[in-house]
Structures are given as structure tokens and as C-alpha cells.
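**Q** Chain by chain, the residues:
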Amino acid sequence: MSPRSETTAPGPPSGRAGPVAAGAASVLLLTSCAVLTTGDRLDNVPHDVSTDITDEPVELVVAYTDDPPVTELVEGFTELHPNVSIELQQTPFSDYIKTVTLAMSSEDPPDLAQYNPGAMRSLIPGGYVLDLDPYSEAYDWEGSFPAASLEPLRADEDAARFGEGSLYAAPGALSVIGVFYNRELLAKAGVEEPPTTLEEFEEALERVAAAGIVPFDVGGLGVGGIHLWNALLNAHGDGGAYRDWVHGVPDSTIETPSALEATRTFTRWVEAGYVPASANATSDDDARADFATGSGAFLVTGNWAAFELDEAMGENVGFFPMPGVDADQEPLISGSSVSFVVSSQTEHPDVAAAFLDHLSSPESARIQLGAGFMPVDTDVTAQEGGVLEEINTAYTRVAEEEGIVPFPDFVTPGMIDRLTPGAQGLTSGTLDEEAFLAEIQTEWDRVHGR
Amino acid sequence: MAGSALLRRGREETRRRPGGRGRGGRSRWRAWLYLLPALVVYLGFAVYSGLNTLLFSFLHWDGFQTPAWAGPDNYARVLTDPLLSGAILNALVLIVFFSLIPIAVGLLLTGLLLGRVRRGMTFYRTVFFLPQVLPLVAVGTTWRWLYADDGMINQALEAVGAGFLTRAWLGDHDLALFALGLIGTWCMSGLCMVLFLSGAQRIDPSLNEAAAIDGAGPVRRFMNVTLPGLRREIGIAAVITTIAALAGFDLVFVTTNGGPAGQTNVPALLVYRLAFNEGSIGAASALAVVLTLLVIVLVGAIRLLTREER
Numbered sequence: 001m002s003p004r005s006e007t008t009a010p011g012p013p014s015g016r017a018g019p020v021a022a023g024a025a026s027v028l029l030l031t032s033c034a035v036l037t038t039g040d041r042l043d044n045v046p047h048d049v050s051t052d053i054t055d056e057p058v059e060l061v062v063a064y065t066d067d068p069p070v071t072e073l074v075e076g077f078t079e080l081h082p083n084v085s086i087e088l089q090q091t092p093f094s095d096y097i098k099t100v101t102l103a104m105s106s107e108d109p110p111d112l113a114q115y116n117p118g119a120m121r122s123l124i125p126g127g128y129v130l131d132l133d134p135y136s137e138a139y140d141w142e143g144s145f146p147a148a149s150l151e152p153l154r155a156d157e158d159a160a161r162f163g164e165g166s167l168y169a170a171p172g173a174l175s176v177i178g179v180f181y182n183r184e185l186l187a188k189a190g191v192e193e194p195p196t197t198l199e200e201f202e203e204a205l206e207r208v209a210a211a212g213i214v215p216f217d218v219g220g221l222g223v224g225g226i227h228l229w230n231a232l233l234n235a236h237g238d239g240g241a242y243r244d245w246v247h248g249v250p251d252s253t254i255e256t257p258s259a260l261e262a263t264r265t266f267t268r269w270v271e272a273g274y275v276p277a278s279a280n281a282t283s284d285d286d287a288r289a290d291f292a293t294g295s296g297a298f299l300v301t302g303n304w305a306a307f308e309l310d311e312a313m314g315e316n317v318g319f320f321p322m323p324g325v326d327a328d329q330e331p332l333i334s335g336s337s338v339s340f341v342v343s344s345q346t347e348h349p350d351v352a353a354a355f356l357d358h359l360s361s362p363e364s365a366r367i368q369l370g371a372g373f374m375p376v377d378t379d380v381t382a383q384e385g386g387v388l389e390e391i392n393t394a395y396t397r398v399a400e401e402e403g404i405v406p407f408p409d410f411v412t413p414g415m416i417d418r419l420t421p422g423a424q425g426l427t428s429g430t431l432d433e434e435a436f437l438a439e440i441q442t443e444w445d446r447v448h449g450r
Numbered sequence: 001m002a003g004s005a006l007l008r009r010g011r012e013e014t015r016r017r018p019g020g021r022g023r024g025g026r027s028r029w030r031a032w033l034y035l036l037p038a039l040v041v042y043l044g045f046a047v048y049s050g051l052n053t054l055l056f057s058f059l060h061w062d063g064f065q066t067p068a069w070a071g072p073d074n075y076a077r078v079l080t081d082p083l084l085s086g087a088i089l090n091a092l093v094l095i096v097f098f099s100l101i102p103i104a105v106g107l108l109l110t111g112l113l114l115g116r117v118r119r120g121m122t123f124y125r126t127v128f129f130l131p132q133v134l135p136l137v138a139v140g141t142t143w144r145w146l147y148a149d150d151g152m153i154n155q156a157l158e159a160v161g162a163g164f165l166t167r168a169w170l171g172d173h174d175l176a177l178f179a180l181g182l183i184g185t186w187c188m189s190g191l192c193m194v195l196f197l198s199g200a201q202r203i204d205p206s207l208n209e210a211a212a213i214d215g216a217g218p219v220r221r222f223m224n225v226t227l228p229g230l231r232r233e234i235g236i237a238a239v240i241t242t243i244a245a246l247a248g249f250d251l252v253f254v255t256t257n258g259g260p261a262g263q264t265n266v267p268a269l270l271v272y273r274l275a276f277n278e279g280s281i282g283a284a285s286a287l288a289v290v291l292t293l294l295v296i297v298l299v300g301a302i303r304l305l306t307r308e309e310r
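In order, the protein sequence lines correspond to chains A and B.
Going by the working numbering, the first sequence opens with residue 1, and the numbers climb by one from there.
Going by the working numbering, the second sequence opens with residue 1, and the numbers climb by one from there.
Nothing false has been slipped in among the hints.
Lysine to any residue pairs mimicking SDA-like chemistry, simulated, CA-CA at most 25 Å apart:
hint, chain 1, residue 1, chain 2, residue 2
1, A, Lys98, B, Leu54
2, A, Lys98, B, Asp62
3, A, Lys98, B, Leu55
4, A, Lys98, B, Val47
5, A, Lys98, B, Gly50
6, A, Lys188, B, Asp150
7, A, Lys98, B, Ala68
8, A, Lys188, B, Asp149
9, A, Lys188, A, Glu199
10, A, Lys98, B, Gln65
11, A, Lys98, A, Pro68
12, A, Lys98, A, Arg154
13, A, Lys98, B, Ala268
14, A, Lys98, B, Phe276
15, A, Lys98, B, Asn52
16, A, Lys98, B, Thr66
17, A, Lys98, B, Asn277
18, A, Lys98, B, Tyr272
19, A, Lys98, B, Gly63
20, A, Lys98, B, Thr53
21, A, Lys188, A, Glu202
22, A, Lys98, B, Ala247
Here's a subset of chain A near chain B, in silico, CB distances under 7 Å, partners left out:
hint, residue
23, Pro413
24, Gly414
25, Pro421
26, Gly425
27, Thr430
Everything labelled a hint here was simulated from the structure, so no lab data went into it.
From the three backbone atoms N, C-alpha and C, an ideal C-beta is built for every residue, glycine too.
Can you make the complete structure from the sequences, with help from the hints?
**A** Have a look at this one:
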């Protein structure tokens, strides 16, 4: 790249572009190859694990994206341990995977970072995140965290298969999807009680539509369509097969009879007009705002919307998990968590682990509830009724039966880009059910092999 | 592209300067010295990153772990994936909306404004050019609401008794691409008009007067005097708008994100997804290289067509 090399070649300027480009290319090839060579896997198993933490001043850095609840949870911990000060580094979600991957693999990584499956596929194989099994044993996290919330945070050494292997993160707040409903609109349509089976739900939808009310607000431009399909998938059961599929267990498939049945229910609802034709042009934010202002009777989304809907609609909003085909079948809800990993290069693994342990405390549970999330400690329940309590009750029931499963876009980093257009195709009636499932399975095969 | 144009212009300058060629070794050195700052920036940020992309396109790499040599694998994937051919086809359709229609509209507006509007020209120019100044993200968000089920476009249709036509335009399987294209038309027409107006004002007025004396009406004068005089501006407008159509990302990302069901996928959107959602830097780079080649071929063709005969 030295300017001299550009001027050594004789002749008019016009003849120089070639040599200059060639010179630049050779320099580039050399430097790039040097940059691209990275070292071996780091040692990521902690030694001398202790559940006592130091009284000396400690400074930790936490990289994260979701607020609430991260700031509040961190403050709760530092209040308890005044000698620990924590610096927060927030990145918007759209840039988070890239940023956290680069930061955690750098020379000077943050001590803790919010978990993200996409980032883990690079960070775990490199040994950049701490294997938390020794701490899990020391603190008995299997006893203090709900099992279903820890399961997706386990992975093998190559991060090819999730759901088993070492524990790499601990959850700080949990989320689930379900059905929010507008009480006034349901009463107007003559629907008295929230449905307890899928059949009852379809009857309710029929009545709502007959009363001239929009049944669902769906943000099909975003993930709204996926959530509706996912909730129906849960309702049709088959939790074991789905769980294997999400975790990348060899030979798993989504092309099962129950998934096909769920997808057919989705398209039947589209054809009946329960999913509005405008869904594909509606963003998640717009769908939520429409529902909050009384447009549709139902909205399928996560409890992260609960706080906002509670503020906007008050007593008028309710929540139930998508009901199953049979009233007494094993309940299943898709959910995820705001979880944290520890850097394998941190100087204070014991303090970081103490922070993770604190996430399962009753004090943290109250913070998690206050922020609209489900608490890790399910013994703590929401005080004041309303929709938050309804979500809490529903969640606790499903969590106790270990019915919380990960979201389908967890499967591969590119899955969201198959699911979104797929759900849109189902909504516009241009994609049939089998083709939709085959498309998703192709993406699964591409990453996990058959 | 900008760089090579610069070099070419520089060459023309050199040729015109008398004595510039003789023993001009030292002046040439000095010329390079003046070019140096721009050259360093250009090499560092355009050429270097471009060549890097080319290199990445031959790797299996997630942007992070040790990369592995991929040979032509990424190109094979990119060229055989039906998603990609669909996206390129969509981009070609968008050229009609981003380039052809705006040039036609720009010419029409130029013909209407030229010579007739004496006062308020700045006003018209500002109004029509405004879309160029606004960030595309704001433009996209605004249009998404205009096109929405209960948006202004449907309200207007209902007001004139065309309620049967209303729909969520950007969510319509068959019409989303055209609806998206019209946003591009809105953005690009003003740019074309401003380019053409400034070009038309440079045309020698005596040509127009002579044509008028010979009895040519306004339409005839526009076709025979103004239009040929705008050849270069039309070429520039076509190049800029075609690149916007082929390489555009932000507008699609905010309005439809490729939906519904991939009907408005464009190559740049897929590059983004491959790189940042899927973590396949190699495949993303290969697609970017293919896209660049496509732009070069089309822009080359446009320049050939609009070249002035000497």
C-alpha cells in the first residue's frame, strides 16, 4: 500500500490502474490470510470453583441487549454486594449477534454477556464462554432454576446440538407466547369464558367473526405469523419430537402428522378470514398497537408485550395459553429467556457465577415480574391481579409440567428467514402446508445434516 | 465506478493540456501527489474492501472462526438457489420503476416547467427533489403507512368510489413488488427532473428560437432540440437510478423485508441475511460479487447506449 509503489511504473497515468490494483491485491491477500488465522480453542472449564465471593472491590462488564430487565437485575445484585460495580454495555438487538461475538472473542472481553443462540454457534466452539457445570453443581442450579429453562442453554462442544451437554448460561427472566384477548370484544360477540380446547377456540373465533369483529391482529410482516403457527404447533402436542428437532438431534424432522395438522389449522383460519388479509403488510408493533386500541379480539404474542398492553388496556386485556386439542393433554408453550454467559477469560468467575445464582432469588423474581417477564423462581407470584397474574398462573402450570419449549427460529441462524416468508405464503394462500414444512426441513438439513 | 470515471476525466484533461505529454515527468509526479489523499481513501475503503469481498467469496467463514477454503462452492450455491434468481428478476423489474418511469416523468416535468415557469422554479425544484434528501428509512416507514389497510391510499380510493380496489398493498402477493417500485418512482423522479432541468438550461437558447421561427411547436421543439441535448444527463440519470434499483436495500428492508413470501426479495437483502442472520460470510460475498458484476454489465450497457457520437 505504500504510495511509492504506485508511482514507480513508467508510462502515462492511464497505464497504472492495472499494476496498482495488482499490488493492492497481493498486499491484501497477505494481510487477510494473517488476520484470518486464529488460535486454538481456549480452556473454558473453571478451576477452584467457590460460592463465596471476595470483599475486595471488583469491576465487571456486562454486554447485553434487552432492557428491561437487565439493568434492574444488575442493580439488584450490586445493592447486595456493594464491593462489586458493574458496567453495562448495551447494543440494539439488530446488531447484537455481531457485536457480542466480536466482543467476547476479543483480547479484552466483557465478563458477562447476554446469551444469544446465534452468537453461541461461534463462541462455544472457540471456548470463549465458560462451561458452567462446576458452578451449577456447587450452587445446585438444577434445583433452583426450572429445568426447562436450563435445557436450551446446554450444548455440545461444537454447538451443533443443543439441549444436552455442558451448561453455558443461566436464565435471568423468562418469556412465553400465548393468546391475549380483549374482554369487551369477546363479551360483545357472546363469548363468555376463555376457551380450554382448540375446538372451543374455533367456536369463539367463529362468533367473533360473525359479530363483525376482526378475530386476530397479526403482525405477519414481522414474526406475528410465526408466533400464531408456533402456538398452533404447541396446541397439537408432540412435544418430544419438536424438542428434538429444535435442539438439532440427528434425524429429527418437522414433517410430522401433528405439525401438518397444526399448519392446516393455520391455513383454515386464514381461509375463514380469522387472519386478516392485511396481516402480511402489518408489522409486529403495528399489530400490537392495533390490538391495544381495540381493533382485534385476539393477539398471539409473547409476555414481553404484557406490560404495554396492561398499561393501555387495563382490566380489558386477558391472557390464556393456546389451548390444546384435548383439554387434558400435556401443555406445551414456546418460550425463551434473557440469559447470561460468562467469559472464559474473566478474572472473576466466582463473582460472575454469584450474579447468575442471584437471578434465581426471590428478590430477582420480583424484578423480573415487575418488568413483565416470568420469574425464574416460580414460587413468587404477581401481587396485583390483571393480565400479568394470568400469564404468571398459566406459565407456572406449564413450567411445572416441563412444557416450555424453545422457539422454532432457535434451530438454525437462518431459520427465521425461512419461517417468515413461509408463514406469509400460508397467509396469502400461495404456499401449501406440505411445501411449507418441507422448506423449513430443508433449512434444518442444511445445518444439521440428515 | 466513480473512481474509474475520475481517472478517465483526468486523462481527458491531460490530453487537452498543450505540452502536457512531452517531458512532463515531474508534473506527472505532482499530479499524483495531488491525487494521493483521494487515492488513499479510495484504495483503502473501496478497492481494499472490494477485493476482500472477492477473497471472502471463496471461503467457508462465519466471520469469526478459522475460515476454510471453499473454492467455487459459494458461487455454486448462490447461482443454483432459486431464491437468488427470483431476487435478481425482482431487481430487474424494479429498474422499470426506479429508472425508466422516473426518466420519463423527469422529462415530462422538464418539458412542462422549461421556459414557462419564470417564478417559483426553485419551489418546484425543491419539492420534487425533496424525496432525495429524506432518509430512505423515513420514506419507507411513511409509505408503509400510506399503503396500509386503513392508510391514506385506500381511504382515497374509497372516497372516489373505488373501494373494491382497496387492499394492504405491500402485503398483496401479486402487487407488492409494483407497490414497492412506485415508492422508488416517487423518490427518483425528482432527481431525474433536477438533472434534466439543469441540462436543458445549458442548451443554447438560439437553437430553440431558430426552431420556433421555423414553425416548430413546443412538442416538436422538445423532441428535436431539448431531448437530444439531454443525452448525457439521461445517461447519468439512468446509471444512478439503475444502481439504486439493483443494489437497493434500505427501502425494501423497512417496507416489506422481502415479503410477502419472498415476492419482493432483492439481492442486497439476501446478502444482508446471508452475512448477518445466517453467518455465511462466504455465500454473502459471492452474491455481492455476482450483484456487482450485474451492475457493471448493465451500467456498461447504458453508457454504451447513451454515448455521444464523436
